[in-house]
Structures are given as C-alpha cells and as structure tokens.
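Colleague: Here's the letter readout for the chains.
There are 2 protein chains.
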Amino acid sequence: MTTQITEAKKGNITPEMEFIAEKENIDVNVLREKIAQGRVVILKNNLRHDVIPTGVGEGLTVKINANIGTSFERSSTEEEIQKVKVIEASGAHVLMDLSTGHNIDETRMAIIKSTKLPIGTVPMYQAGKEAIDEFNDIGRLSKDKLFSDIEKHCRSGIDFITVHCGVTKFVVDALEKQGRVTDIVSRGGSMLACWIKATGKENPLYEYYDELLDIVKKYDVTLSLGDGLRPGCGYDAGDRAQVAETIVLGELVKRARKAGVQSMVEGPGHVPLNKIPAMMETIKVLTDYAPLYVLGPIVTDIAPGYDHITAAIGGTLAAYHGADFLCYVTPAEHIGLPNAKQVREGIITSLIAAHAADVARGNAAAIERDKKMSEARKNLDWDEQAKYAVDKCVFEKIMNGKPCTMCGQYCSMKIFNEYFK
Amino acid sequence: MTTQITEAKKGNITPEMEFIAEKENIDVNVLREKIAQGRVVILKNNLRHDVIPTGVGEGLTVKINANIGTSFERSSTEEEIQKVKVIEASGAHVLMDLSTGHNIDETRMAIIKSTKLPIGTVPMYQAGKEAIDEFNDIGRLSKDKLFSDIEKHCRSGIDFITVHCGVTKFVVDALEKQGRVTDIVSRGGSMLACWIKATGKENPLYEYYDELLDIVKKYDVTLSLGDGLRPGCGYDAGDRAQVAETIVLGELVKRARKAGVQSMVEGPGHVPLNKIPAMMETIKVLTDYAPLYVLGPIVTDIAPGYDHITAAIGGTLAAYHGADFLCYVTPAEHIGLPNAKQVREGIITSLIAAHAADVARGNAAAIERDKKMSEARKNLDWDEQAKYAVDKCVFEKIMNGKPCTMCGQYCSMKIFNEYFK
Chain A
1 MTTQITEAKK GNITPEMEFI AEKENIDVNV LREKIAQGRV VILKNNLRHD VIPTGVGEGL
61 TVKINANIGT SFERSSTEEE IQKVKVIEAS GAHVLMDLST GHNIDETRMA IIKSTKLPIG
121 TVPMYQAGKE AIDEFNDIGR LSKDKLFSDI EKHCRSGIDF ITVHCGVTKF VVDALEKQGR
181 VTDIVSRGGS MLACWIKATG KENPLYEYYD ELLDIVKKYD VTLSLGDGLR PGCGYDAGDR
241 AQVAETIVLG ELVKRARKAG VQSMVEGPGH VPLNKIPAMM ETIKVLTDYA PLYVLGPIVT
301 DIAPGYDHIT AAIGGTLAAY HGADFLCYVT PAEHIGLPNA KQVREGIITS LIAAHAADVA
361 RGNAAAIERD KKMSEARKNL DWDEQAKYAV DKCVFEKIMN GKPCTMCGQY CSMKIFNEYF
421 K
Chain B
1 MTTQITEAKK GNITPEMEFI AEKENIDVNV LREKIAQGRV VILKNNLRHD VIPTGVGEGL
61 TVKINANIGT SFERSSTEEE IQKVKVIEAS GAHVLMDLST GHNIDETRMA IIKSTKLPIG
121 TVPMYQAGKE AIDEFNDIGR LSKDKLFSDI EKHCRSGIDF ITVHCGVTKF VVDALEKQGR
181 VTDIVSRGGS MLACWIKATG KENPLYEYYD ELLDIVKKYD VTLSLGDGLR PGCGYDAGDR
241 AQVAETIVLG ELVKRARKAG VQSMVEGPGH VPLNKIPAMM ETIKVLTDYA PLYVLGPIVT
301 DIAPGYDHIT AAIGGTLAAY HGADFLCYVT PAEHIGLPNA KQVREGIITS LIAAHAADVA
361 RGNAAAIERD KKMSEARKNL DWDEQAKYAV DKCVFEKIMN GKPCTMCGQY CSMKIFNEYF
421 K
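Listed in order, the protein sequences are those of chains A and B.
In this text, residue positions in the first sequence follow this note's numbering: the first is 1, and each later residue adds one.
In this text, residue positions in the second sequence follow this note's numbering: the first is 1, and each later residue adds one.
If you're looking for bench data, these hints aren't it; they were derived computationally from the structure.
Incorrect hints may have been included.
Since copy identity is lost for identical chains, a pair holds within one copy or between any two.
What the hints assert, rightly or not - The calculated lysine-lysine pairs, modelled on BS3-like cross-linking and capped at a C-alpha distance of 25 Å, are:
no. : residue 1 : residue 2
1   : Lys402    : Lys414
2   : Lys145    : Lys371
3   : Lys341    : Lys392
4   : Lys341    : Lys397
5   : Lys414    : Lys201
6   : Lys116    : Lys201
7   : Lys197    : Lys85
8   : Lys116    : Lys145
9   : Lys371    : Lys177
10  : Lys371    : Lys402
11  : Lys177    : Lys414
12  : Lys258    : Lys402
13  : Lys113    : Lys85
14  : Lys113    : Lys218
15  : Lys9      : Lys143
Being a predicted model, the structure only gives us computed values, none of them experimental.
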C-alpha cells in the first residue's frame with residue numbers, strides 16, 4: 001500500500017489526482033507537485049473505494065466540513081444517518097463523526113456505509129470517553145488503548161483523523177504561564193492536557209508520533225493535527241499558548257511529510273476580525289504551508305444562536321488569508337447539539353463563506369457563477385436566478401410564487417432599461 | 001436656527017454633543033472637533049425634540065439602520081408601525097422610511113410619531129413615483145416638485161435625507177462608457193439618470209445644490225449623499241463609474257461643510273471581499289473622511305435568501321476599514337419586501353456585524369462585553385451568558401430550558417477545571 005504524497009514525490013499521477021485536477025480545473029502536474037510538497041492533501045482512505053476523493057489545500061477551492069455525532073444525552077444512530085442525508089443534499093464536501101454516545105463503533109460503521117463523502121473522526125473522544133466512563137479519571141487512559149482506537153478507526157475506513165499531538169508538556173506549561181479567560185475549549189485537547197497533568201508524562205501522541213505515522217500510513221489516512229489550545233474567546237486569540245502549539249504542529253507536519261503521510265493543521269476558534277489576517281499567515285508560515293482547517297473563526301463571543309453567522313464572517317476572511325477548509329458552525333454552537341434543520345443552516349452558511357472566499361481568491365468558476373447570477377438578476381429572470389442560487393429552496397420559498405415585490409414599477413433595472421436601451 | 005457643525009466650528013458644545021460623548025465614552029472636545037471637521041454627524045432634525053440624537057462617524061461605535069416602507073403592492077401604514085416596534089425592540093439605532101405605496105405622507109407622519117429613533121427618507125422616491133404614476137415618464141418630473149418634496153420631508157421632522165446629487169451628466173457618461181453587468185441598482189439613482197437621459201439637462205440636485213443646502217440647513221437635516229451608481233454585482237465593484245460618482249460626492253461634502261450643513265456619504269453595495277479594504281479607504285480619502293454609510297457590502301451575488309449573512313461578512317470588514325454606519329440587509333433582499341420576522345433577523349445580524357467591527361476597531365466597551373460573556377461561558381453560567389447575548393430570546397429558545405447538551409460530562413471546561421484548579 002502507498003500514499004498520495006509518496007506517489008506524488010515519485011512523480012506519479014494517481015487516478016485520484018486526475019479526478020481532482022479535472023474537477024477543480026487545475027493542471028494535474030501542478031496538483032501533483034503541491035501534494036508532493038504537502039501543501040495539498042487528498043482525503044481518501046485507501047480501503048474505501050467508493051469515497052469521493054477530495055482535495056484540500058493551496059490552489060483548490062475552499063472546502064467545508066459538517067460535524068455530526070451522538071452525545072451521551074442524544075444517542076440515536078438513525079438521527080445521525082438522517083443528518084448525513086441532509087449534509088449530502090446541502091452540498092457539504094466532508095463530514096466528521098464526533099460521536100460520544102452509546103455504541104460509537106456501530107454509529108461510525110453506519111455512517112461510513114451511508115455516504116460517499118470523506119469522513120473524519122477524533123479517536124481520542126472514544127478512548128477518553130471510555131476512560132472517564134470506566135474510571136472517572138482521564139489519567140487512567142493507556143497509550144495502548146488510544147492507539148488501538150486509532151487503528152480501529154483507520155481500519156474501518158475513516159479518511160482523516162484529528163489527533164491533538166501538539167498538546168505537549170511544553171505547550172501545557174506555556175498555557176499555565178499564559179493565564180487565559182477560557183483555558184482549553186477543545187475536548188480532545190482538554191483530555192490530553194489533563195492526562196499530562198494527572199500522569200506527569202508526555203502526550204503519547206507526541207512521544208510515539210512515529211508509531212502513529214506507521215499506523216495511518218497503511219491506510220493513507222490524513223492526519224488532521226488538532227489545535228487543542230485554540231482560543232475559546234477573542235481575548236485569548238493569538239496568545240503564547242496558541243502559538244507554542246502551532247510551532248509543535250509545524251514540526252509534526254515536517255515529520256509526517258518525510259514519512260510519506262498526508263497531514264493538515266487545524267486552526268481556531270474565536271478570533272476578532274483584526275487578528276485574522278496575521279494569524280492565518282503566521283500559522284501557514286509556522287506549518288510550512290500545510291492545508292489549514294479552521295473552526296470558524298468566530299469574530300465575537302456574544303452571539304450564541306447566531307454563531308453560523310459569526311463563523312461565516314471570520315471564515316470568509318480566514319480563507320481569503322490562507323485557510324483551505326472550513327468546519328461549519330451551526331446556530332446551536334455553544335448551546336447544544338444541532339438538529340437536522342440547524343445542520344442544514346450551518347452548511348449553507350458555510351458554503352456561502354467558502355464561495356465568497358473563492359471569489360475573493362480569484363477562482364474563475366466562482367466569479368463566473370456570480371456573474372451569471374447578476375445577469376439573470378438584471379434580466380429579471382427568476383428561473384435563471386434560481387439555478388445559480390446557493391439555496392434554490394429558500395430562494396423560491398421567500399419568492400412564494402411571485403417575483404420581487406420590493407420596488408414594483410419603480411424597479412431601477414426596469415426603469416433603466418426603458419430609457420437607456 | 002443653527003446646525004451642529006456650525007456650533008462645533010464656533011467651539012460651542014451643544015446638549016446633543018454632551019449626550020453622545022457620555023453615551024459613547026468619548027471626550028466631548030474630541031467629539032466637537034470631529035463634528036467641526038465633518039467627520040462625525042449628529043442625526044437630529046432641530047424640529048424634532050424627542051429624538052435620540054445619534055452620532056455617526058470616526059471614533060464612534062458603528063451604527064445600524066433598518067429600512068421599512070410601503071410598496072405599491074403592500075401598502076399598510078399599520079404594518080410599517082408594527083415594524084417600527086420590532087426595530088426598537090431589536091436595538092437598531094436608526095430607521096429609514098422608503099415608502100413608495102399609497103399615502104406616503106400619512107405613513108411618514110405616523111412613523112415619526114411612533115418612535116424616538118432618528119429617521120431618514122429618500123424624497124426622490126415620492127417625487128419620482130408621482131411623475132411615473134401621473135405621466136408614465138420620469139422625464140416629466142420638475143425640479144420644483146422635487147425640491148418641494150424635500151422641504152416637505154424636512155419640515156415634517158425627518159433627520160436625514162438621501163439625495164443622489166452625484167448622478168451628474170459626467171457620471172452618467174462615465175457609466176455609459178464603462179458598460180456594466182447590472183447598470184444602476186439604486187432606485188433614486190436610476191430615476192435621476194433616466195431624467196438626465198430624457199431631458200438632456202443636469203441633475204437638479206447637483207445644479208441647484210446650494211438651494212438644497214439652504215433648505216436642509218434650516219432644519220439641521222443631515223444630507224446622506226446617495227451612491228446612485230453603487231455596484232449591483234461583484235463584477236461592477238470599484239469601476240470607473242462608481243469612482244467618478246465618489247469624486248463628485250467628495251466635492252459636495254466639501255461644499256456642505258462650508259455651508260454649515262452636516263453630510264455623510266453612502267457606499268456600496270455588492271463588493272467581493274478582496275476589494276473591500278481598498279474601496280473603503282478610497283471612499284474615505286475621496287470624501288475627506290465624511291461619515292460612511294454602507295448598504296452591505298454583500299460579498300457574493302449568489303445568496304438570495306441569505307443576504308443578511310453576505311452583508312454581515314462584508315459589513316464587518318467594511319466597518320473595520322472605515323465604514324461608520326451599516327444599513328441592514330434582510331433575508332428578503334433581492335426577492336421582496338421583508339416581513340416583521342425578516343426585519344428582526346436583518347437587525348440582529350447587522351448588530352452582530354457592527355459589534356464585531358467595534359471589537360476589531362478596539363472599542364473598549366465592546367471588548368469588555370465579549371470578555372464578560374466568555375467568563376460566563378467558562379463558568380458554565382447560563383443566566384449570566386443570557387445577559388451578554390446579542391439575542392437573549394433566541395439563545396434561551398435554543399437552550400430550551402437546559403444547559404448545553406453538546407459534550408455532557410466530556411465538556412472541556414468541566415474536565416479542565418477538575419484537573420487544573
């Protein structure tokens with residue numbers, strides 16, 4: 001078995017590279033070179049033959065991910081499969097199963113069977129959950145259990161995994177010296193920091209990183225290097241603790257590339273708008289331009305119920321300044337698990353951010369779509385507008401069977417056409 | 001009768017300046033100086049004693065406006081008064097009555113009576129509508145009718161008026177030479193361009209600008225110099241036609257200041273994210289740092305049904321780069337007149353953009369509110385979070401009586417506190 005980066009380094013073009021180059025309208029040799037450099041990854045477990053290979057990184061369109069998964073209080077595999085259908089229908093490119101409810105393995109297998117979208121997981125959630133459930137002590141989690149869960153996820157066909165390898169003793173020390181308003185808001189990051197605090201030992205994902213690379217390499221599972229210390233509020237954004245972890249992640253990207261393993265880096269989080277450009281560019285430099293996968297960033301802390309919007313504001317600017325992959329945020333963020341309706345709203349909003357960033361980044365297809373929509377708008381052609389709308393259903397629902405009621409006979413387009421044409 | 005800018009130039013501090021300086025936590029002498037320079041305006045007709053004087057411009061928090069008004073097809077004063085109640089309850093700072101339905105005067109008087117918020121109108125809508133209704137030809141509109149409608153609006157207590165003085169023969173010529181995808185999307189701008197085309201004469205609002213200044217000065221009505229040639233799609237953004245008009249607006253700002261009239265400048269529209277920083281800074285320079293009032297800007301054309309969100313993305317970045325005043329956009333934009341629910345959604349989204357920009361601009365009170373929210377979040381204090389939430393109702397509705405169901409006993413905050421405190 002080989003990996004995309006290994007083949008790319010050898011100068012080989014795989015069918016997945018061909019597929020993505022055609023879809024993204026990019027020269028396949030340019031794409032191959034970017035994969036060889038590690039600036040683009042292809043999400044596809046080599047055991048999963050029917051998955052849609054999805055490229056993430058420099059020169060490609062911005063992708064979006066939708067998170068689903070059970071929780072202790074809401075644990076129905078059926079409900080999650082319903083969400084997968086919503087995700088596919090709404091146009092998200094990737095999904096993550098973040099289940100922490102009952103029967104995690106069963107839920108994961110059912111999700112894999114139900115979709116051709118690439119899927120990510122956070123194996124630490126399963127390992128950590130079971131330690132907490134059994135011993136009520138995260139410190140009792142063993143390295144063997146964690147690594148065996150990782151291999152189990154890879155073997156089951158997962159295309160990428162989030163691993164918080166960067167939460168090292170050095171980084172936790174930086175955090176304690178920093179002093180933060182919201183400390184750690186990453187579940188996996190918090191579990192590992194607490195494990196370090198409880199045991200006094202180094203993060204096993206860091207200490208045994210070579211072993212981790214060996215496991216994922218077999219399946220060509222992409223590592224998504226989690227940002228366990230991402231800021232959980234604007235106040236903490238860009239602090240020494242965050243940057244310390246980013247430095248560690250950069251080292252790990254380098255080691256992954258050398259080992260023939262695909263890797264991307266996760267980014268924040270809560271970041272005021274003014275800090276976003278420098279932060280994105282700093283992360284890119286510190287991680288040697290690895291594909292950057294951000295959660296938000298949300299630009300204010302005061303909008304629970306509307307964090308799909310605060311994330312779209314930050315995500316658009318972040319993607320313009322280098323982020324390649326946006327994790328959606330739903331209106332339920334900070335409040336509870338999203339229902340199917342909130343999942344859909346999160347996806348559409350995230351697609352808008354990704355598209356607006358594609359336009360700003362000069363993607364020709366995205367710019368052309370905007371132009372076609374505008375021509376249809378000028379022609380007062382409502383059917384044609386529906387074709388280009390990001391959400392045809394909502395467009396037609398608001399229209400409610402009749403064209404714009406806003407200006408009537410005083411419509412600027414109508415008047416202008418009468419006098420100037 | 002005098003005006004705020006006249007008093008400020010004399011070195012006098014008015015009660016309105018005192019009120020705003022206290023509310024915005026800014027030194028009253030700094031504020032007075034900015035009003036004297038024309039970089040800040042106070043929206044308040046001197047006949048309207050009970051209005052909340054509202055400052056717009058450099059150094060102040062970002063304000064938001066909500067548009068309401070009847071149309072030919074939906075013309076109920078009662079419905080508009082309902083919207084005023086929604087606007088006040090949601091926290092918008094200003095509203096505009098853009099009525100083009102029946103009984104425009106009656107609707108405007110009812111709105112004025114119903115609120116203490118500053119109110120703006122576009123008198124050209126009334127004048128243009130009546131010419132179209134009566135003669136089916138905008139070219140038949142007379143200068144006298146237009147100016148008498150302007151004076152009528154001022155006399156009735158309106159605090160600011162949009163006047164498309166910058167749509168001159170020179171600018172219309174620049175437009176025709178430019179060639180655009182969506183030509184003109186401003187109703188007032190379109191009416192005046194067509195008037196020029198039909199009559200061959202100069203825009204009366206430009207030709208008789210001194211007379212216009214005399215009228216508004218009597219009431220201290222602020223001129224909002226409309227951008228009749230704002231881009232109606234990303235493709236047209238920042239073109240020669242738009243900048244030609246901005247140059248004219250800059251000249252008119254200078255003349256208004258000299259005459260002792262307060263003025264602000266309106267900005268776009270549809271603008272891809274990458275063009276926003278330079279465009280805002282260019283408008284500010286060309287108009288000698290007049291308060292800048294933008295509609296959006298929306299960052300993609302393909303999201304009808306979600307243009308409150310595309311406007312929040314663009315509006316936050318625009319305000320960070322100099323815009324002072326955001327006109328809200330509702331989910332119904334480009335499709336129809338908004339209902340009360342859509343008005344509310346537009347306002348909350350716009351408030352989020354304004355607040356996120358205030359945070360990014362370093363406003364101490366805005367940053368403190370985010371910090372308080374984050375402290376409450378870390379303490380898992382849901383009542384305290386509701387206090388700082390931009391929309392307490394929606395926050396509590398999603399919460400539905402119980403705290404976050406997302407992570408349960410695996411909550412990062414909870415785990416971290418156990419091991420680190």
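Colleague: Evaluate each hint against the coordinates.
Modeller: Status of each hint after checking the structure:
For the homomeric pair Lys402 and Lys414, the shortest alpha-carbon distance inside one copy (16 Å) is at most 25 Å, but the shortest distance between copies (52 Å) is not. Within a single copy, Lys145 and Lys371 get their C-alpha atoms no closer than 54 Å, and across copies no closer than 38 Å, so neither meets the 25 Å cut-off. For a Cα distance limit of 25 Å, the shortest separation of Lys341 from Lys392 qualifies both inside one copy, at 16 Å, and across copies, at 20 Å. Within a single copy, Lys341 and Lys397 get their C-alpha atoms as close as 15 Å, and across copies as close as 15 Å, so both meet the 25 Å cut-off.
Taking identical chains as interchangeable, the C-alpha atoms of Lys414 and Lys201 lie at most 25 Å apart only when they sit on different chains, with a minimum of 22 Å there against 72 Å within one chain. In the homo-oligomer, the alpha carbons of Lys116 and Lys201 never lie at most 25 Å apart, since the shortest distance is 40 Å inside one protomer and 64 Å across protomers. Taking identical chains as interchangeable, the C-alpha atoms of Lys197 and Lys85 are never at most 25 Å apart, the minima being 41 Å within one chain and 54 Å between chains. Taking CA atoms no more than 25 Å apart as the test, Lys116 paired with Lys145 passes in neither setting, with 29 Å inside one copy and 65 Å between copies.
Only between protomers do Lys371 and Lys177 lie at most 25 Å apart by alpha-carbon distance; the minimum there is 20 Å, versus 52 Å within a single protomer. Taking the shortest Cα distances, Lys371 and Lys402 sit within 25 Å of each other inside one copy (23 Å), while across copies they are farther apart (46 Å). In this assembly of identical chains, Lys177 and Lys414 lie within 25 Å of each other by CA distance solely across copies; the values are 20 Å between and 64 Å within a copy. Taking CA atoms no more than 25 Å apart as the test, Lys258 paired with Lys402 passes in neither setting, with 59 Å inside one copy and 48 Å between copies.
For the identical chains of this complex, Lys113 and Lys85 are intra-copy neighbours only, at 12 Å inside a copy versus 51 Å across copies, given an alpha-carbon limit of 25 Å. Taking CA atoms no more than 25 Å apart as the test, Lys113 paired with Lys218 passes inside one copy only; the shortest distance there is 21 Å, against 73 Å between copies. Taking identical chains as interchangeable, the C-alpha atoms of Lys9 and Lys143 are never at most 25 Å apart, the minima being 32 Å within one chain and 73 Å between chains.
Consistency with the previously given hints fails for numbers 2, 6, 7, 8, 12 and 15, ordered from lowest to highest.
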